[in-house]
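Knowing the structure of chain A, use the given hints to seat chain B on it.
Protein chains in written order, with our numbering: chain A, 1 to 353; chain B, 1 to 353.
Worth double-checking, as some hints may not be accurate.
Which copy is meant is left open, because identical chains are indistinguishable; a pair holds if it fits in one copy or across any two.
Calculated pairs, SDA-like style, for lysine to any residue (alpha carbon to alpha carbon, straight line, at most 20 angstroms) [to be verified]:
1. Lys143 x Arg337
2. Lys143 x Glu132
3. Lys143 x Ala133
4. Lys143 x Val338
Just so you know, these hints were derived from the structure itself, not from any lab.
There are 2 protein chains.
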Amino acid sequence: MYQNSAHSASPSSKARAEAASPVLVEVTRGTLVESRHRGAFAVCDAEGRILHQAGDPERLVYPRSAIKPLQALALVESGAADAFGCTPAELALACASHDGEPLHSEAVTAWLGRLGLSPADLECGSHLPYNEAAAHALIRAGKAPGPEHNNCSGKHAGFLCVARQLGAPLEGYIDFGHPVQQTLLGILEQMGGLDLREAPRGIDGCGIPQYAMPLGNLALAMARLADPAGQPERRQAACLRIRAAMAAEPAMVAGERRFCTRIIRSTNGRALVKTGAEGVYGAALPERGLGIALKIEDGAGRAAEVVMGRLLRRLGLISEAEAEALQPILRPSIRNRVGRIVGEIRAAEGFPE
Amino acid sequence: MYQNSAHSASPSSKARAEAASPVLVEVTRGTLVESRHRGAFAVCDAEGRILHQAGDPERLVYPRSAIKPLQALALVESGAADAFGCTPAELALACASHDGEPLHSEAVTAWLGRLGLSPADLECGSHLPYNEAAAHALIRAGKAPGPEHNNCSGKHAGFLCVARQLGAPLEGYIDFGHPVQQTLLGILEQMGGLDLREAPRGIDGCGIPQYAMPLGNLALAMARLADPAGQPERRQAACLRIRAAMAAEPAMVAGERRFCTRIIRSTNGRALVKTGAEGVYGAALPERGLGIALKIEDGAGRAAEVVMGRLLRRLGLISEAEAEALQPILRPSIRNRVGRIVGEIRAAEGFPE
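The following block holds chain A by itself, in its conformation from the complex (with noise of 0.2 angstroms):
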């Protein structure tokens, strides 16, 4: 259905892009529905046929962050990671959006030190770390934030592997022109069946290129990874690798609290969750050879991973009993500054099913 979709700026892309989306999530405080956020979702197989959707699978989406499983493919098929030695936590840390503890700066800044790097090398910037732990930690320590506890330090240090292996020049491994986000560029349109040459661009928070694609491509692209059967051989390999390597180690993925981490642990990889910036997030679930894919309208992650876990109740991929432990994610309360809860977070009533 989305194969070679003409994507770029259709005479009608600008009203699609303003119809309203439905109502997915709802923020209650006390008697009322304080907020709502909008959205739209695609379920869709490795055909591209869409099992469950609200709103338009056409709007275009950057997939930010979510398609970094996607991305970690070139380490494997490039032979970076077979050269390089790469290990299960370290492809999971190619895929991932981490909190920075150290656990996940360590492996990395472990990981450039046998390509002979360091942390200088990564072109991402610097930010404190997610966990607050970690975060206060350096602070009290006096020291500054480096490259790797930007979490996506992981992604950003499979790209020097990959670009080692191909003979690139390492410096400069981040612009659009440079052989590695070539070699990225060409497996999103490959993945997600269609051509972004003309698509819109912009720069992610790490300094990538991002691409514009419609919301069921990316859907598509992560189903494939769910089920690459119709994909040649060496892609079969490296989707399998990777997927491995993030049901073998959650923890990479994310971090402890994090919902990527508990629901790839809770459903032992059945469900391969990956969140993006502003309000996207994205699924490959193996045994089901599905994809899922959403944007939040607004970019508001809160109501991304309630949408999220909705789905994967819906399709049967969380049970009553990992639903009841999983609980404080799939529906959070919203507590006030003494801990009383005094409101939560669900999903809409007439959520779309």
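Relative to chain A, chain B alone:
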């Protein structure tokens, strides 16, 4: 228009709440509008005549911290401000959602000290200062944040003054039935021109009651703060004193880098703007006798600021020259982790004028 309007659950209130508000703000990245924020606003005079609006002015909102300047009226009207020698800086703090800089937390602690009280008497709970330098200083010192660092600590110090002045118990001053909260409820009903006894209720982040009211009535309450000519004399005097305090001490209302402080300072108090959580903003425009209330549907503060800035420009409250200096908050840039500008947050094309 909104005088004593029936606001509680009417048959149409659910359908109304779910009707899509217009897109007010766009978040761009490269050549794509990546995210969109919908919302409603009302600009009205002290008679409740709406001059400008978008979305449904009957939509119920919790006013959250946008009504702190209205709540501060109790501090003056009760006689507490005079009895306890409250300075303009303290009155401004009572209106504040402050950054928890030493400027703020030390002033609150000193104020409480004059009452023979300490931050331990505040029932707002604690959180790290919003101001990064202040937060890091606490972390480096190995100190936990105290209630004085809570962004609402000035408001709560004011409530304690009112409780003492009323001869009411200090403990439990945040409860629905406490004389302080009943006094605040009365002020809100009078200024907003409505009966809130049956209104949906919730608990704010700092523990105090919140009452849902139509957005238009919130605008009316702010208009009456701007133009209290129709109010009893004591109310008029209190409005003037609170307005003067906010105008004289803008840094106390928020913090040096914050939207509220910068707008109040830049306009020399011609626009007394006050943020609230979940995408609410209020403003009193004394020279124009107008009030503004706005609510971003999804609760995003980044959008609420841009809408408020646009409305102030539209109403002529910010000159061309001032707008240039305020550009970083009127149309904020989005930067990636190495500081490169990659997008912006701006009023949507087709913003309702």
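Going down the list of hints, with the structure as the test:
{"no.": "1", "hint": "Lys143 x Arg337", "in the structure": "between (29 angstroms within a copy, 18 angstroms between copies)"}
{"no.": "2", "hint": "Lys143 x Glu132", "in the structure": "both (15 angstroms within a copy, 15 angstroms between copies)"}
{"no.": "3", "hint": "Lys143 x Ala133", "in the structure": "both (14 angstroms within a copy, 14 angstroms between copies)"}
{"no.": "4", "hint": "Lys143 x Val338", "in the structure": "between (31 angstroms within a copy, 18 angstroms between copies)"}
The structure shown violates none of the earlier numbered hints.
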